[in-house]
Amino acid sequence: MSGSTEKMELNINLTAAAEKRLQELVKRYPSAKSAVMPALSLAQEELGWVTDQAVAWVSNRLNLPRSHVREVATFYTMYYKKPVGKYHIQICRTLSCYLCGAQELSKYLRQRFRLTPGEISSDGMWSWEEVECLGSCGTAPMAEINDCYFEKLTSDALGQLLDRIEREQPDLRYSTIVGALGGGLKGHPKSEVWTRDEGL
Amino acid sequence: MSETQLVNITIDGKQISVPKGMNIIEAARLVGVEIPHYCYHPHLSVAGNCRMCQVRIEGQPKLNIACNTGAADGMVIKTQEAAPEVAEAQRATLEFLLINHPLDCTVCDQAGHCKLQDYYYDYNAKASRFIENKVRKVKAEVLGPEIIYDGERCIVCTRCVRFCDEITETSELGVFNRGDHAVIGVSEGQALDNPLAGSVVDLCPVGALTHRRWRFNTRIWYTDQQQSVCGGCSTGCNAQVNLRDGKVVQVKARLNAEVNQEWMCDEGRYGFERFQPESRLQSPQIWQGKEYAPIKLEDALNATQKLVGAGSTGAMLLSPFLTLEETWIALEYATKVMGLDAKSDQTENIQVAVQLVQRPLTKVEAVLISPDYAPNARAFNLLGHALAGNDWRATIQKNYEALLQRVRSGQIKKLFIVGDYALRAVDLDPQLRSALQALECFVATSAAGLDCEGPQNFAQVVLPGRTINEKGGVLVNKDLRLQRLNVLLQAPAGTYPEWSLIKRMAVAAKQPIVGEQVNDERALFREMVVKREIFKGLSLMKIGESGLSLAELQKLASESGTVVANA
Amino acid sequence: MSKQHKKILTNNIDFADQHQLAAYESRGGYQAARKALKMEPDAIIAEVKASGLRGRGGAGFPTGVKWGFVPKNTGKPIYLLNNADESEPGTFKDRVLMERDPHLCLEGMIIAAKALGAHWSAIYIRGEYAYPATRIQQAIDQCYAKGYLGKGIFGTDFQLDIVMHRGAGAYICGEETGLIESLEGKKGQPRIKPPFPAVFGLYGCPTVVNNTETLATLPWIIENGAAEYIKFGTEKSPGTKLTSASGHINKPGVYEIELGYPVMDFINNECGGIRGGRNLKGLIVGGSSVAVLRGDELPPLNMSYESMAEAGTALGSGGFMVMDDTVDMVEACLNLQHFYSHESCGQCTPCREGAHWVEKIVHRIHAGQGTAADLPLIEDVCTQIAGHTICPFGDALVVPVRSFIEKYGEEFQNRIDSAIVSQIGGVSVGNAR
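Residue numbers (the working numbering), protein chains in the order written: chain A, 43 to 242; chain B, 277 to 843; chain C, -14 to 418.
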């Protein structure tokens, strides 16, 4: 879907930290245009999703046509074209996770939240969708919530996880400004891909 | 750069020698084979996404796309004419394009000149095997003041996007979303509104991009299609004008690598009818002290003789909207009948000038538009006048302004203005206006009627002329290229082309320039060719639909022994 | 009983502090890089060629040969890109390397950059791998702090900058020209070839794109020599490979195995056999883009490029997905076709339109609305997609559906037959829309 053709000026600024970070990121590349992707991540981080103003901001700061920026924003699944919940749950649906019970997780979410993929709960806390292979097939089924992986799930485990998240309100996001993951869920492993029960 | 190397290639068994690296689609044309294609365009970068132009090249493991293949020595190519697997691939490409394509033909403006329809009949013509639900996308989306888009019809060939990126460099368009949700669009708060925007409709092979102002106005098969040239400026974009019931209903740019590639500006494309005045002069008029009275042509011609007839000196002002032949015969009249010096470049002595006013251009406009409103001013140069200096526009304009100044100051007492737009409204400043009104000898030809602003309001005798849309002949563009102008609109009764008026005026002056038998534009052209060395060997056919460059004209003249009698 | 595979990539991976520079170095890290920086670039390339190392991303192209395509003396900068966009379903091995041994990844890049004459390099990490990205960025920061990246590294005048670049969710960015386009700041749509990346890559300059695992193998090869490397594996598939095993097995995970290892041994030993004691119905050995194998086809096969090629499939990325006899193969096939539809970049006609068409037909068969024309139609559509697209994605997307129909044709046919039967008499019984 295209934008409206009414003229729209850029009328936002991001925080000083984000603006500064963009300049740092631009310097890393031989060509400033390469910073489009981290720039969109910065904008999404502050605004919650990639709004039309976010596109205009990136276009202005990197001196690129808005159409090019919008092309990039609509091509990649991690740039949200509409708002998502504070916690956005992404259930992997591809083969290995499917083989290990991913559909149970989706079913659980539908029942718990009464939301379909794309909707946000009325308190703005939750939204969910099914995504393609997240590279965690060995610890299937699993979900990514914001930028953190939660592996080896069952419906029960997922339920308990969501309860904890609701209670503790952890930071599960990767911040492009800081260049690091948030604190995550306390005590919960950041990754379980190499946990060995018996060693090698 | 080194000389272009020629290589030998074989296409469908036919051998041909072409420059190394020549695009295979272009090379195939040379042996009369059309390789169907959508995304390829000779004046845009290669995209290679439609896959319609696949060919079999000996020695290659898979089919190759012809648009991304350059001729190499010994290459053996088979197109759909010679290789069934290529024909099958084309059939499949069309099938793929059609599975989600909406059944819009009955309401789509592109029907009848649609490359999907055309290629379907040529390369597929089979029933669809698709029984799933088609993808739905946006329809009738306004992209800009002139352009409307249908996402379901779009085949995402990206010609329009590349045009805006590479030619106008305005980059309004992008392809958004991935996979079969891909659509073309503008970004929020932007519009496809560059001065050449209408060109994307010509580029679009299907009915995804259409003109808003001409939407649904006619089926293409009800139109008469006339090849001609735009009269907006000295670029001379090649155009195809579609007419119905005597009105312009659509204009497409024609492909011409030397002039306009395949682009036109919106002002030219949508503005053919701006040269038609609101009211027309349909009989000669003579000023009788308080008002004009219509008179018979014979009487008008006699009246002109007293004013600007034989041996009258004074001045002549030419419109840049006359044809080459008209400019020629007007100059003959000026020099031979009026006894004017048309060669002088001395501002104190200018007696003959062509109107030219320069026009400032934005960067995007300058991609195609010339900084003038003068489609045929250079005919003056070609015929040997106003040749001083390096900047032809500056010279012509200087002479023109000098002549006007001489009129203002009263130095010029007799004036013959030939053709509309010889004076523009901006030139009619009060001083010039009163000077014109004070002239005792003043004749003008005009298509515009008496209630339109222009010299026809002040002349003592006004002869009814025609607009550039109502004439045929040759125009000379900014590069001194000869191009054919063809008649588009029918002139109203009572009007005459300027050349015909001048012919009769010369006869009335007892100094005919061309014989009685010169009754139409072709005959006039032939007369001009016979009488001028530079046109030796020239014929209308040789100018053809793509025009003739100055170099080619000169080559013709030097190679021709005898003058060609038949055009 | 279990074979002790040589550990080339995972030798230190159990150490909890392996990602820290000091710990990495204490276990011999960056010795290979120091050695490489004193070698002639051509000598490094020769060593890698002699090792027979093949690209571990999926294509299996000999790495040394790929490096040889880069023209020297064009006057343009040369770029080395680490393809960490790991998105092939079933594959999660590069993730382990990045999380647990990020310095190994960087050391491999330094060696490759020296061989190629590259002074700017990027590691393109898929956007969803946020945790691995933090590990890599931390490792890069540690290297810069210690002068192991930047100007004049390891006491030579060699300069190398490495940038960590995150993707944003697009499988097609794992295709090398798609990756390059994405890194340039555009959509990750693959380029038409020619020109090839070795000549015209990032910013129009000569570029080499290598998989993370491939690059991570370089330090060991430089340290120990190609002659040592070819002692492991087979003649055509030397060395070891990380295999990511998942699905209906008892011990899913990443395993480093010597190439040539029998498939059934791998399943029964390392993977711990089929869960619940069930039967093995199907195996996808190298990521979803390689043909599925039936359980009964497996005994003669071993984990090597040649054995898999002979069996009509490919070793691929090593994304080893095991399916037991509870799996509905039509549904499994549909699952994968949906993946490909979702990931099609949309640039060229056969893939953009054909990928979804194939999925829709399989969907309809699965939903009990198949027709007798469907299977021949699928085959015909696949024939017109494969080999007709801009990039190998078109060839990949037809593999699951073709191989599933070939190996489990009766399941598809039964679905279609019962759909037809249920429509006799004009009454459609069963799944409503």
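Please note that a few of the clues may not be correct.
[Said to hold, decoys possible] Listed next, the stretches of chain A that the computed footprint assigns to chain B, with coverage defined by at least 3 CB atoms under 8 Å from CB atoms of chain B:
hint, segment
1, 91 to 98
2, 106 to 114
3, 189 to 197
Quick caveat, the hints were computed from the structure, so don't treat them as lab data. Computed from a prediction, not measured in an experiment: that's the story for all the values here. Note that CB positions come from ideal geometry on N, CA and C, so glycine has one too.
Cross-check of the supplied hints:
Only when three residues or more bring their CB closer than 8 Å to a CB of chain B does the claim for the segment 91 to 98 of chain A stand; here the count is 3, and the claim holds. Counting residues of the segment 106 to 114 of chain A whose C-beta sits closer than 8 Å to any C-beta of chain B gives 7, which meets the bar of three, so the coverage hint holds. Counting residues of the segment 189 to 197 of chain A whose beta carbon lies closer than 8 Å to any beta carbon of chain B gives 0, which falls short of the minimum of three for the stated coverage.
Consistency note: the structure conflicts with earlier hint 3 alone.
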